[in-house]
Amino acid sequence: MKSVKVLELSVFFLLLIFFLGTDLFALLLIPIYIYSLRSFLKEEGEKTKRRLLLEELSDFSNLLEQGFSPLYAYEKTGSFNYPSFMLHPDDELFRFEIFEKQFQLFEKSVILEEEIEGEILGIRLKMSIMKLMPLGLLLFIGRLLPMADSSNLNRIVTVLFLINHWIGERFLKSL
Amino acid sequence: MILVLIFLLIIKKAHIIDVLSSYVKAKRNYYRELIFYLSYSMDRDYQDLLVVRGLYLLYQLILSWLLIYAALDFLELELGVLYLFSIIGFFTAFIWMANRIEENKRNLIEDISKFVFHYELYLIQGENQLHALKKASQYLLVFSSAQTLEEFDDYFQELFTYTKWLVVKRITILIERGRHFSQADLSMDFAQISDELFRKNYQDKKLQAEKLENMMLIPMVGDLLAMIFYIVSPFISTLIVGG
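From first to last, the protein sequence lines stand for chains A and B. Letter 159 of the first sequence, counting from 1, is numbered 159 in my numbering, and no numbers are missing. Numbers given in my numbering equal positions in the second sequence, counted from 1, plus 1000.
In short, the hints are calculated from the structure, not lab data. Incorrect hints may appear among the rest.
Unchecked claim - The calculated DSS-like cross-link candidates involving lysine-lysine, where the alpha carbons are at most 25 Å apart (straight line), are:
| id | chain 1 | residue 1 | chain 2 | residue 2 |
| --- | --- | --- | --- | --- |
| 1 | A | K173 | B | K1200 |
| 2 | A | K108 | B | K1135 |
| 3 | A | K47 | B | K1205 |
As the list claims (entries may be wrong) - Here are some chain B residues the structure puts well away from chain A; computed CB gaps all over 12 Å:
| id | residue |
| --- | --- |
| 4 | L1005 |
| 5 | D1045 |
| 6 | L1050 |
| 7 | G1054 |
| 8 | L1058 |
| 9 | G1080 |
| 10 | N1128 |
As the list claims (entries may be wrong) - Example chain B residues on the side facing chain A (calculated, C-beta under 8 Å, incomplete):
| id | residue |
| --- | --- |
| 11 | Q1125 |
| 12 | F1198 |
| 13 | K1205 |
| 14 | E1213 |
| 15 | I1218 |
| 16 | P1219 |
| 17 | Y1230 |
These figures come from a predicted structure and were not determined experimentally. Heads up, the beta-carbon is just placed ideally off N, CA and C, and yes, glycines get one too.
Hey, can you work out the whole structure from these sequences and the hints?
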């Protein structure tokens, strides 16, 4: 999923650069590409952190079920970055039942996220194809239509594609 | 004629809004769910305030429209643009209202989930039922905190009349059972309610994903239009410039 998105972004901006050709306007696409890639990787990093945290909490929970004390179990799992929304094992009020409830809720929210990701994967793939297809066609058509060889026209069309790309990304983020 | 109407609207502003808001309040039962989801509150006074504000905004929009119409008519300018903007404005307002209702439904599911979670948590921590409910109710923004168990029961019954969600009914049953049973005996009820809220949340997200699939047609159509624009514009410019 991550690699598909990176590939899609890279191919999209590469096609736009090919489309613009030797126009200096193409240089503006590079910072936009870097920014889009960076924000996508940052988002994916957050999701990976949540999954890792879930694994660590799961190990912690297993140790507690085996009867170890909260502090010992926490140290045994490597004193990971304990989430602030849960009672710390150090806390006097820490109780296994409360931790279990909080852990179950966190687990459910991560599972829900993954299931929704799966659902929208199909939409993302369709969107990628529909985004790259017109751009690919444009490159082909641009060679056949000599009258279309105008840098202003190319720039306008590039901006339109970028606007549509941004609108699509905003819709996907709104989920 | 238009000027007479504008004059009447300005002179009788308070009376018109008063009559309209009395009418809406009298027909409350037809609009109660709509007003609830738009206001996200069960407080009748706040709902009435929102209705009056909405009617006042509508009054201002109608007055502005009539003034612009009169001005365009006086200057003998094209009215088509005004009609076009009116239609765009109407659909924008409609979409805004629909989005707000959907957003408030999602917020309500999340708030109820937080409420149930914290209610169980405080019971586990040893709080008595009323204290646990009072503390948990700070996460439920639709109603102000109740002082007695009966009030909580009444609030949830009223919430059920607005939402028609079975899970809300289960919560009223849970509160009733909480008077006679301990938290350990209610653990199955809590688990069932949490599961139901989770499923509701999942269904809501799934519906959003389906709506998103349709919304993705907008940028896709935009790309195709950009392509058509690219193909057609050299021919158009040739026609305009004349070879």
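Hints, verified against the model:
no., hint, in the structure
1, A/K173 <-> B/K1200, "holds (21 Å)"
2, A/K108 <-> B/K1135, "holds (23 Å)"
3, A/K47 <-> B/K1205, "holds (17 Å)"
4, L1005, "holds (40 Å)"
5, D1045, "holds (33 Å)"
6, L1050, "holds (25 Å)"
7, G1054, "holds (25 Å)"
8, L1058, "holds (28 Å)"
9, G1080, "holds (26 Å)"
10, N1128, "holds (17 Å)"
11, Q1125, "holds (7 Å)"
12, F1198, "holds (5 Å)"
13, K1205, "holds (5 Å)"
14, E1213, "holds (5 Å)"
15, I1218, "holds (7 Å)"
16, P1219, "holds (4 Å)"
17, Y1230, "holds (5 Å)"
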